[in-house]
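Order-wise, the sequence lines are chains A and B.
Numbering-wise, the first sequence is residues 1 to 473 according to the numbering used here.
Numbering-wise, the second sequence is residues 1 to 149 according to the numbering used here.
Derived from the structure by calculation, the hints contain no laboratory data.
Here the structure is a predicted model, which is why all the values come from computation and not from measurement.
In this text, a Cβ means the ideal position worked out from N, Cα and C, and glycines have one as well.
Fair warning: there could be bad hints in the mix.
Looking from chain B toward chain A, a few residues come up when the C-beta cut is under 7 Å (computed) [stated by the list, open to error]: (1) P48; (2) E49; (3) L52; (4) G100; (5) L101; (6) E104; (7) L105.
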Amino acid sequence: MTNQIIIDPITRIEGHSKITIQLDDAGEVADAQFHVTQFRGFERIVQGRPIHEMPSIMARICGICPVSHLVASAKACDEILAVEPPPTAVDLRRVMNLAQVVQSNALSFFHLSSPDLLFGMDADPARRNIIGVARENPQLARDGVGVRKFGQQIIEWLGGKRIHPAWVVPGGVDAPLTDETRRRILAGVPDAIAAIVRALEWHKSELVRWEDEAQVFGSFRSAWMGLVDADGNVDHYDGRVRVMDADGNLLLDRIDPRPYWEYLGEAVEPSSYLKSTYLTAAGYPDGVYRVGPLARLIVSERMGTPRADDELGQFRARLGRAPSSTFHYHYARLIDTLYAAERIEQLLQGEEILSPRVRAHATINRNEGIGVSEAPRGTLMHHYRVDDNGLVEWANLVIATGHNNLAMNRSVAQVAKAYVKSARLEEPMLNRVEAVIRCYDPCLSCSTHALGQMPLHIQLVGPDGTVLDELAR
Amino acid sequence: VAGALVIGYGNELRGDDAAGYRLAERLADDPAVAKRGATVLARRQLTPELALDLSRARRVLLLDATTLLPAGELELRRVEMGGSAAAASSHHMTPEVLLGLAAELYGAAPETWVLSIGAANLELGDDLSVEVTTALDGACAKVIELLDA
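The following block holds chain B by itself, in its conformation from the complex (with noise of 0.2 Å):
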């Protein structure tokens, strides 16, 4: 991974937690994201491998679904290395610590973002919500928006 690299999120069984996935998917099939050199991937969570994709990147952007937020709400933060590594397992890897790991095995600390999705619905079942349905065309334009930045 040489330029920018793209992670979206989230169980595709659970409803919206699924909105960083989908909208992971729907990115690797945008021309406009393979023309800005961008490679995305799609997982079910954070696992402790990828640090060395992040180690090779030039900047990151993870994508997922939050409770945190309104339904259909976006929100982009900063990941600054850190946080409690004792819960970091195959379930619960936070950005943090995979930032973290990714700087103390491979010495590469990229700069990376979280694109929060507020999430409506998170029952069994694989079909988004009409609110995050909606909100991913404008998700999909904000990381147009980052990868130019």
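One chain only, chain A, in its complex shape (with noise of 0.2 Å):
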């Protein structure tokens, strides 16, 4: 008899799916899959829109991270109109997409799971949550809230607005930066990189507690990708891809990426909307491979600012060139987080940032065009086709939480073997499941707000869809 435990919606990450938990004959888990339940289309919806409109439309996707959407969608056109942006235009994207990475970043450590690594996985959730993290380290909640509103305000002051800002134009970005905006940020970068050392500090004194835990939390050999410059750092708006494995040999180093199905396959499962890449090189589903956070401090030779390569040098002391364990996303998000705040200074006391020159102006130069930079979650590639008009005729994009798919699953297999001891359904085993997913901190398209509760709902089903066993929250 085969069983399935069913965890459906999944809390506490973007987006909409569900987890189901195969168990075998005796009881045991044979296998676990993250389904996304929740249908984007964007690629279907952009047909026939003028690729004047793409940043902006694309944006949309999402209301955590539209920036980084922004920006892939930007270099394509660029791409398409045959422009090179003005440097000053590049540099600011810089800043609004490490504001990005900011913002989200500290959403996904501070405000999702730091209720789970300040009281534990075990935890009762009435107290593991927002609310019991402001009770018992007040600290660590403000710096949540001082961290994701300083990369908020970058956003909202470049873009005019915070959620879906459209500053960022085909050819380069919309208006210059005013000294007084630059003001403004840069007197918010020493309170922000100080929050983000404390909860460095703190994440670090406490990974001694967790050593147990993530040796079976999504611990597993597996490929790394991320965009690098040419020395070989990291680099989130350009840059060319690394693939390095488990052992931490370089398997590509430094290629274009925009080609990305000379080393990228795409899977399609009937049971997800969300699509699996793959390493064309392994195939199918053995070419596993992780990116995000920990994905870009493993392929990277050094950050580039002072304080995280502090950081990274007593990260690769503690854990090694290429920890295999899921849960060092969080270690890694801390650095990545730092790096983004330095890095935004360091930006915004060139030179020529206040220059006028900001944009280029073209018409149609091609009809193709592939954009490529790194949002929060990994690794992001929009690639459109358009006609000699400028209209979309075809639209295809690889988001993080794609590269991330079947290192998911493999996660949520590895937890569930680990903590589901019965056919009964217990929270602790639960919120791991869900805990693990928390890592790749995945971005569904997310619709962020709708009517009404979303509550946790699982169901324990048997082969004929009987309901054995069901938890709701």
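Take the two lone chains and join them into the complex the hints point to.
What follows is the structure, given as structure tokens:
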């Protein structure tokens, strides 16, 4: 007899999904799958739209990381216009992209994951939440508010809107930076860095407590992928693709990321709207790789800012070059956030950052364009084909959560095997299954606000469709 | 935020779910609101960092859509701290939990009200229903009235 445990929906991630845990005849976990039950459809929606509308349309895919889509989309449009944005425009795009990294990473670590990290996976959900964090460790909670607000405000000041700014446009940005905005942003950097460093110190002091759990928390051998600059250092905006194996050997190094079909395949499973990408050299489903903050740290030689490089050194001294556990996404995410805050400061201190030359203008000069950048969750690719009038004929998006899909399935299966000990659904098991998914901070193209509750609903379903057990909160 | 804070929230791509968001956009351009010194924010959802804004306000007015009222109907209710925080997430932070967070973190729990607007259509799209569009006039007047109270 085969049973299934279904967790639907998953809480504290961006979007809508469910998890199915497959039990074998002996009642042991045989496999697990992460399904995305939300249909995005943006690739179809944009067909027929003019290319200059693409960045602002694509930004609406997500209420959490709109800037990431804005940037990747604008880069694809740059290619279609065959323009090179002025250097100041590139730096300003970098600032906004890094502000996105700050605010999204802060949401993931402070607001979504810190309750688990502070109270433990077995704690009562009535306490294991953001109000509980505010009571138990108010400084941590206040730092979360402050860091996220810092990133959000940069986006709002640069783009005029905090959620869906339209400031990044094909050819550059829509308006130059004012000195007043530069000073306002720079004034917030010290507090943001101090808050991130406090969180890092706290997390590092707590790591020993999680050593055993990390061994069964999505800990497996896989490849890692991220963008690096010419020196092999982390690069969130531009750069070339580097892929490293579980032993730290380079499988691909500084290749052009744009012809992604040469190194990545995309598989579609009937049970999910989320595509699974895989390394073509290893095939499907063996070509598992991971992207995101942990992958960026692993594949890069250095971060390129003083404090983040110091933290990267400590990270590697403690965990090695390529730690296998998904749990360490949390640690990596904080270092990634620290880098972003430091780099924002560096960029805004550039001599040309106030230059009025921020946009190149052109008409349609190519019928195809690909934009690639690092979103908070990992490498993001936008690929468009347009007709001679600049109307979109075809679009394909390869998103970070798709890169991580195979890894998420493996992670869920490992956690379930370690903690699901009966056909009964229990809260600590449920929370661990969710928590390992939260490490990847998956973004399922969220419709971020909808009326009504989103209760957690889990069903244990027998082979005849009978509900054997049910849990809701 | 030294005076009143108005936050309208909802998804602009889900029909009437955007009622609060659209109302906030309208209020932000209304000279009568500016004259009263209120700060107006349009957001897709209530998120934890808004606790800081709440804590600095004298009075808070939240604007949201609801399916619990007939389409276009308005309802005003006072927010009391509390409610289950277990479901608090980036997806779903209730006014009660947000107010509680402001109190826990910043020691301030300003008088907070929710103005709910009955929704008719929550399908994909950026248009409001006729009922909600019509109701926004009354909702604007209600907000001004509250700002004067």
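Exercise for the section: Provide an ascending list of the numbers of those earlier hints which the structure does not satisfy. Expected result: Violated hints: none; all satisfied.
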